[in-house]
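Student: Starting from the given sequences, assemble the full structure and let the hints guide the process.
2 protein chains.
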Amino acid sequence: MPDHISKQFDMELENIRTRVLQMGGLVEQQIRAAMEALQDGDIDRLDRVITDDAKVNAFEVEIDEDCQHIIARRQPAASDLRMVITVIKTITDLERIGDEAQKIARVGRSLYQSSRYPTPRFREADKMAKSALAMLHRALDAFARLDPTAAVELAEEDVMLDEDYASELRSQITYMMEDPRTITLSIDTLFICKAIERIGDHAKNISEYVVYLVKGKDIRHTTLEDKKRETLPQEPA
Amino acid sequence: MPDHISKQFDMELENIRTRVLQMGGLVEQQIRAAMEALQDGDIDRLDRVITDDAKVNAFEVEIDEDCQHIIARRQPAASDLRMVITVIKTITDLERIGDEAQKIARVGRSLYQSSRYPTPRFREADKMAKSALAMLHRALDAFARLDPTAAVELAEEDVMLDEDYASELRSQITYMMEDPRTITLSIDTLFICKAIERIGDHAKNISEYVVYLVKGKDIRHTTLEDKKRETLPQEPA
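Line order of the protein sequences matches chains W and P. Heads up, the first sequence is in UniProt numbering, so the first residue is 1 and it goes up one at a time. Heads up, the second sequence is in UniProt numbering, so the first residue is 1 and it goes up one at a time.
Just so you know, not all the hints are guaranteed correct.
Claimed, not checked - In silico negatives: residues of chain P with every beta carbon more than 10 Å from chain W:
id : residue
1  : Glu14
2  : Thr18
3  : Asp40
4  : Thr149
5  : Glu156
6  : Ser167
7  : Asp226
8  : Arg229
Said to hold, decoys possible - Stretch-level coverage of chain P by chain W, calculated; a stretch enters the list once three of its residues show a Cβ under 8 Å from a Cβ in chain W:
id : region
9  : 28-39
10 : 55-65
11 : 83-92
12 : 171-177
13 : 183-196
14 : 213-222
What the hints assert, rightly or not - Subject to a maximum C-alpha distance of 25 Å in a straight line, what follows is the list of computed DSS-like cross-link-like pairs (lysine-lysine):
id : chain 1 : residue 1 : chain 2 : residue 2
15 : P       : Lys217    : W       : Lys55
16 : W       : Lys194    : W       : Lys55
17 : P       : Lys55     : W       : Lys228
18 : P       : Lys194    : W       : Lys194
19 : P       : Lys55     : W       : Lys103
20 : W       : Lys228    : W       : Lys215
21 : P       : Lys127    : P       : Lys103
22 : P       : Lys215    : W       : Lys55
What the hints contain is simulated information worked out from the structure, not anything from laboratory work. Note that the Cβ used here is the ideal one computed from N, Cα and C, for glycine as well.
Tutor: This is how it looks when you write it as structure tokens:
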């Protein structure tokens with residue numbers, strides 16, 4: 001293959017990688033905006049998060065098309081093919097994280113529009129969102145640096161986020177039993193926490209695709225011990 | 001390309017299509033088993049649904065690998081490439097439907113193990129599960145027959161399933177307010193209905209990939225009117 005064609009192919013691959021990271025940045029911004037607007041009771045900003053989800057979707061459709069053109073025209077092999085497949089899977093998870101941010105904004109909007117409550121604090125949801133955002137950031141960073149070690153960290157953090165959700169569920173059930181007037185607010189709070197918990201799942205997925213990309217191994221559906229063995233440097237036996 | 005190589009390629013493509021349908025059959029069976037065992041309070045069967053999710057996951061990993069081998073060795077173009085990409089996306093949704101069936105079984109198991117209730121009826125959840133199963137069956141059928149018209153039907157049915165969920169949510173909130181002792185059972189019921197509602201989303205996704213496969217158009221994130229225009233026969237202007 002002539003050198004300039006190969007260089008152009010490199011540029012095309014680099015271009016989709018960059019756009020995945022831009023899409024990831026937009027999705028992080030959507031989560032942050034949804035949580036801040038939720039805390040502030042800022043309905044206009046919640047509306048903006050809802051409509052801006054179309055931008056996330058457009059990213060997915062465009063990058064998806066580019067990947068398919070690259071497969072069709074370049075017929076990539078080995079690690080180039082794994083990169084393209086990784087991108088196709090990663091943008092699906094990013095798009096669904098975008099959907100979760102939109103859900104948070106929708107719950108927030110309906111909650112403030114009913115105006116039955118003073119601005120609630122959502123303290124636990126806020127703490128969970130910070131963890132989920134850190135997980136997403138770590139996953140995108142792992143994608144950018146081709147770092148397979150993030151998968152183990154994120155699997156561990158995902159367990160903690162699941163526990164945070166379970167604990168918040170127990171608290172909200174207690175509140176509801178103590179004061180049934182808070183039931184609607186508690187249910188809304190649980191929806192928000194559930195959306196955040198799912199963001200953690202998607203971040204974990206992305207970090208697992210990076211392992212596949214770098215190591216050529218599919219570590220989804222494996223135990224934490226297996227993930228450690230596949231991704232971390234091993235001590236000599 | 002010699003005829004026999006092309007024939008072998010056809011067989012490989014046919015083989016992954018068949019395995020997607022087998023995986024789909026297994027996933028349908030998981031949903032049905034989870035709902036029946038939930039109605040019967042059959043903890044052993046709920047346990048089996050939970051452990052059998054590993055079979056669904058194994059299908060995903062295997063078919064995924066086969067798709068990547070096909071892309072790498074056969075360098076498919078045009079509709080063959082679209083078929084492979086469609087399969088990669090479809091099995092992701094099937095795997096997540098499997099997760100939802102597993103979630104239903106987990107909620108059921110913890111509910112019966114706590115044994116605080118007589119066997120509840122889950123009447124609305126059962127009705128929703130029947131709709132979601134019909135949607136999944138239609139989506140798999142559309143994949144088998146390369147029928148793009150299912151996408152419009154499933155988009156409409158998905159709206160109805162979302163409405164069923166919203167209506168069940170309102171009912172459960174009313175029950176909880178009337179009798180706070182039912183809060184835990186109501187929350188469990190809502191988790192089950194939410195899992196079913198998501199099965200409908202995934203079935204809709206699968207039917208949209210079929211449109212992409214047959215028409216080469218990406219109709220995700222479009223309105224129902226757009227979906228109709230892209231998939232249904234048009235009257236002459």
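Student: Determine for every hint whether it applies to the structure shown.
Tutor: To see whether the hints hold, each was checked on the structure:
1. Glu14: About 21 Å separates Glu14/P from the closest Cβ of chain W, which puts it past 10 Å; holds.
2. Thr18: 21 Å, holds
3. Asp40: 26 Å, holds
4. Thr149: Correct as stated: the minimum Cβ-Cβ distance to chain W is 22 Å, above 10 Å.
5. Glu156: Nearest chain W Cβ is 20 Å from Glu156/P, so the label holds.
6. Ser167: Check passes; 14 Å lies beyond 10 Å.
7. Asp226: 13 Å, holds
8. Arg229: Check passes; 17 Å lies beyond 10 Å.
9. 28-39: As far as the region 28-39 of chain P goes, the hint is violated, because 0 residues have Cβ atoms under 8 Å from chain W.
10. 55-65: holds (count 6)
11. 83-92: holds (count 4)
12. 171-177: Coverage by chain W holds here, the residue count being 3 at a Cβ distance below 8 Å.
13. 183-196: holds (count 4)
14. 213-222: Held - the region 213-222 of chain P has 3 residues with a Cβ nearer than 8 Å to chain W, which meets the minimum of three.
15. Lys217/P to Lys55/W: Satisfied, since the Cα-Cα distance of roughly 19 Å is no more than 25 Å.
16. Lys194/W to Lys55/W: 23 Å, holds
17. Lys55/P to Lys228/W: 23 Å, holds
18. Lys194/P to Lys194/W: 11 Å, holds
19. Lys55/P to Lys103/W: 31 Å, violated
20. Lys228/W to Lys215/W: 13 Å, holds
21. Lys127/P to Lys103/P: 18 Å, holds
22. Lys215/P to Lys55/W: 24 Å, holds
When the structure is compared with the earlier hints, violations turn up for hints 9, 19 and for no others.
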